[in-house]
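J.: In case you want the letters, here they are:
Protein chains: 4
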Amino acid sequence: MLMTESTTRKTAYPSPLADGNSVLQRESELYRELANANIENYAGTARVPVGIAGPVTVRGDEAKGEFYVPMATTEGTLVASTSRGMKVINESGGVRARVIRNGGIQRAPVFEFHNIDDAAEFTRAMTEDWSWLAPVMESTTSHGKVMDISCWQLGSLVCMRVTMDAGDASGQNMVSIATAKAVTSVLQRHPEVKRHLMAGGMSGEKVGSNINALLGRGKSVVVSVDIPGAIMRKVTRSNIEDIPRLHRSYTDFAMLAGNHNSHHSHNNVLPAIYIATGQDPATLCESSYAQNSFDLDREKDVLRWQVHLPNVNVGTVGGGTGLPTQRECLELMDCYGAGNVNKLAELCAVASLANEISFWGSVCAQEWIDAHANLRQK
Amino acid sequence: MLMTESTTRKTAYPSPLADGNSVLQRESELYRELANANIENYAGTARVPVGIAGPVTVRGDEAKGEFYVPMATTEGTLVASTSRGMKVINESGGVRARVIRNGGIQRAPVFEFHNIDDAAEFTRAMTEDWSWLAPVMESTTSHGKVMDISCWQLGSLVCMRVTMDAGDASGQNMVSIATAKAVTSVLQRHPEVKRHLMAGGMSGEKVGSNINALLGRGKSVVVSVDIPGAIMRKVTRSNIEDIPRLHRSYTDFAMLAGNHNSHHSHNNVLPAIYIATGQDPATLCESSYAQNSFDLDREKDVLRWQVHLPNVNVGTVGGGTGLPTQRECLELMDCYGAGNVNKLAELCAVASLANEISFWGSVCAQEWIDAHANLRQK
Amino acid sequence: MLMTESTTRKTAYPSPLADGNSVLQRESELYRELANANIENYAGTARVPVGIAGPVTVRGDEAKGEFYVPMATTEGTLVASTSRGMKVINESGGVRARVIRNGGIQRAPVFEFHNIDDAAEFTRAMTEDWSWLAPVMESTTSHGKVMDISCWQLGSLVCMRVTMDAGDASGQNMVSIATAKAVTSVLQRHPEVKRHLMAGGMSGEKVGSNINALLGRGKSVVVSVDIPGAIMRKVTRSNIEDIPRLHRSYTDFAMLAGNHNSHHSHNNVLPAIYIATGQDPATLCESSYAQNSFDLDREKDVLRWQVHLPNVNVGTVGGGTGLPTQRECLELMDCYGAGNVNKLAELCAVASLANEISFWGSVCAQEWIDAHANLRQK
Amino acid sequence: MLMTESTTRKTAYPSPLADGNSVLQRESELYRELANANIENYAGTARVPVGIAGPVTVRGDEAKGEFYVPMATTEGTLVASTSRGMKVINESGGVRARVIRNGGIQRAPVFEFHNIDDAAEFTRAMTEDWSWLAPVMESTTSHGKVMDISCWQLGSLVCMRVTMDAGDASGQNMVSIATAKAVTSVLQRHPEVKRHLMAGGMSGEKVGSNINALLGRGKSVVVSVDIPGAIMRKVTRSNIEDIPRLHRSYTDFAMLAGNHNSHHSHNNVLPAIYIATGQDPATLCESSYAQNSFDLDREKDVLRWQVHLPNVNVGTVGGGTGLPTQRECLELMDCYGAGNVNKLAELCAVASLANEISFWGSVCAQEWIDAHANLRQK
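Residue numbers (this note's numbering), protein chains in the order written: chain A, 50 to 427; chain B, 50 to 427; chain C, 50 to 427; chain D, 50 to 427.
Excised from the complex, chain A in its bound form (with noise of 0.2 angstroms):
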């Protein structure tokens, strides 16, 4: 996004709120320094109802031990079920996670070139050797690394999408201002190029794509847990037989459908983390992406649920996660500053899983809709 003079300006708008007596005002002092770096124009503080979800028994690379998850919600029953999820879980002996790739963070602007010939030889020149590029870009920025620059041409045009290692934070900004570098160190090196774009559709930014899911962008995570039928039973009245089967025709539809994937929790259980936690939920398209896979034991009766998420977008450094209640929230998962990136990462793929297993345990059980009714009823 952007901010010129010319908006900046704009922050002396009159707010349309009358003073006094406006919730948004109330204690709106406790943010306006701090949120001054997150919005402008500020008027205040919207207030998202916070549930705690868990404990949760998680053994990951990074989160070990029994883990509160925050979520910021206005939907009911969304805490409750990642709850239950999260019962089934631990009286399965916990669920195993793993971040699998660091997909980085993508910018992708495009160079326009007098023909193909040139197009194609700038492409070729890049893939050859991208290596004098990265030290331009990481030095604007005190920890960001360039992991990889590939291009794609269409016609005279080349887009070049570069991938950067944020560390622990989400590293949008980061990634712009290197990529700007980046940019006019090759039209000084490429005289031949005749025009450029800084926004070429091929970062991936903010929208569900293959692209993400192939070539990375964010956390790819795996979770895994082997559920026993009689827990499964016991918490979900639903048979661990059901699930991989009704789970198959639930994909072939969604395939028939249009939609890039199958999985029902994700979009559901990323925003309230998301929102608790300082995040961007604009993410939430890259990061929902979400594939499950099963595997039955029937003679040990057992259900292996494993659920993998590619895309997902996260950081704690940066961004939102300093203000003070989503500070509170990182740090309930011990998750707030440098060096719990994957923390946060596998923990939000671990909240998703049990809102998954909650959620189709319910729909076996033929029980998700009248859970909706005697929410509604009450």
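Because identical chains share one entry, a pair is satisfied inside a single copy or across any pair of copies.
Quick list of in silico lysine-lysine cross-link-like pairs, BS3-like style, CA-CA up to 27 angstroms:
1) K349 x K243
2) K194 x K230
3) K243 x K283
4) K283 x K349
Worth flagging that the hints you see were computed from the coordinates, not collected in a lab.
Since the structure of chain A is already known, use the hints to place chains B, C and D on it.
T.: Only chains B, C and D this time, still in chain A's reference frame:
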């Protein structure tokens, strides 16, 4: 999501938060009662900074006049850039906005039959006449109306996608309850059904999917503004000739990447408005589907900029809309309560268009990244 | 495609082929007259080897009894593997086949209006009543019937997707001519139309697109066979327990890759039948969309294998169906001429299923590649 | 596909064709021997009319000079419209063509592990170093070279996508055999593999999938022509100003429909050339992926028209290329045998571009449908 006895009891979990010195808990009594239907294991409220974008001049079917738009976000420059786009709109004489389709809200249960013939006969029968099922579904709700029932067959399975008009509510619970009743009636009338599943993958709920854009879900909104070149140059230092050309290359690469649609800003603006006004941010993946259209008049030096958002999923009653700050934000737009859902949908589209204008203006002016840098160096 | 004076004159081009010793030209007089409406600048006939797969026992609505299927291909093992799958089908008691939807044939002209309101009013009017347009379109054809007219709006543009029943023909030309007449009538009735475009991107013609699977194009065919484990083991040395599991992993990775659907064989079998029978191979991308469904009965040791092909685009009259070898291949299946289009669609799906059975059997038996190797070493 | 003893015996099936008076069987001895490796249960040859499009002036890296393109089709106007587009190209000074990427040919076996950690470790190990596997694979072929090995994990499953350079052959069998050897070596080196599957859904074989466009499969070809407005008007009676605008609306609606890409003609032209030259028409879904790019120079009244085909999957040796008429058609383009695969790929793209030019010209001139009508009324 699900709430059953076993889960409501979970609200007895001890809160992991230390009492007294929690920011989450400060003034939490404000929300405790109100949040009862919206959350479980309540721990307090997350506070998200709210900035006010605007005013923007709207010539909508419902939104008429000047409006301020509250945005809850921690992404710096988002409010400022939206306000900057609104300035372009205002100086261009305002924006036309119109809801062109009420896509309703969907559920998609699945019925399994003993063979493909029973499945085909069921599909044929439901396609020929579903009028008998409408009153059954409508008996469960005071306001919901059945708009459509369509079936798709895969082998011996049939997915039945029901669409209801939820009026001013988002309607997720309403349609769930009506669908549960519908399934019961179908089972009574069609004893040849072998098994059924309440959730079948074709509802389009909370996923990016072509089925929503093609067949409808939420409100389809179209907005249109005619921007004189002089105004675009003055406010954004960009030339209107560049925008359609640059957007075209953006779109071509986006298609190559596997994106479902082509825009930049809607995933940023919509969650900010959704969080501020108590909408369900989980619907972002469907709501943020958008496509830009351009028509450049070189003689008059005017760019017609239009955005189509086919699936804006909002409500002005129920859900989180009644909570204090959420209600206050809706009232700020004169959108609180019954009769305002189309007005809110129009304003969501207008704000997204405003941000899109500012974003592309900054990209064409080669200022996009600089803005981030300026912000960061503050 | 197009033929105008300027192009018909092109048939005067000197043939680059040397006369007399050309295989293309041998017996080409057989086709010269007949090919007149099917090709320009005729030079002779390409000869594609035809193998006969079968027989296969079919219990279709139209295809009843034993059938041989001619396949024109240069891919070794294709006919043999299809025949092997047919053997599995025959020993399993034959396959049930049924056309569950006639999706018709589409064209999608676009109308541009002066503003979004005219576009919206046009869309509303056409959605409410298109009955006046049907007789106009049907006046241009002796057999075509209008099935549906649907509109989608983007900004000031409206794409009008018309669907006609082409009877036993593929119907591409028929629907084109009827649509041209429809456009003329629309322009007369709606002077507010600013510009129009005959081809608008939503016809689904010759592309893989969800719109075809969802809304229909060509014949939707479902086939189903119950395969006893003993027969699958005997013929393919594979276990029926493995197939749904392996296919599930295949589908999950296919979804990750960005495939629209999940099957292996239909793209192989359909073009072979299409070339042999004078169908338009250009429709392969839409025709080959397919999804497998499985239901494993462990007690009875039976695998129910079902395939859904929503968009099989074939004809038994017109196009290339009347050419000598093409007609002969249609007659071989008793599918030549009027009244046979559904029978041909059923047989296309049956042959595809047969190949799918053989393919997955060989994969599960770990023999797939060996077969290629054996062939190669011959 | 598969050939085993049980199926080769099927060639003993009595032919359902009456002897003597079968057109399929006339001169079939011409093909009987040659077809031996290409087909089973041989019954004769299907004859597809071949028209000669051209000549077209090409400035390719490989295709230099004037070329005639043989097209086997039964779709009237296809050859004529392609020739008409070639006339536009010729009078515009010819077309530049270039293969910008050799995407190779893929297979994608799947390995199942006992847990996500073994799967992750395997993925990490293969990603760090697959050089040990290349010689194993290359030992099975005289010309194939390993280009890349990439892995994707879902739960405990890993899909390994291997890419080989097949030289002048399509290479399906070569890569299959090399992959079988690779799997054997992987199983020896990684005893922790629980199960494996030779076909895993990420090969991109014969499907429309973003993975092919993004990561490569077949030849990526770019073609570019600068068309003066006067020439486009003379030959097609259309204005070059209209084409980018109309194509843009076509693309926007195509995206709404769920199409993966946006073009009209490639699915028509490629199968005609593939059938004539003995290519595998089953690869049409991947080969026909294409995107148009336009750059209109109003001052010079010139339209730059470029097409990108990332996945043209062709061969000039092996497969059906050696059969009499197929070889003759390849020789007509001087593309028969080793060293010509890129030339053939260039000519496929050039012919597709020519047809695209003629198609859009006729649409913009409002003559598209009339042409069909004229043809039909003949």
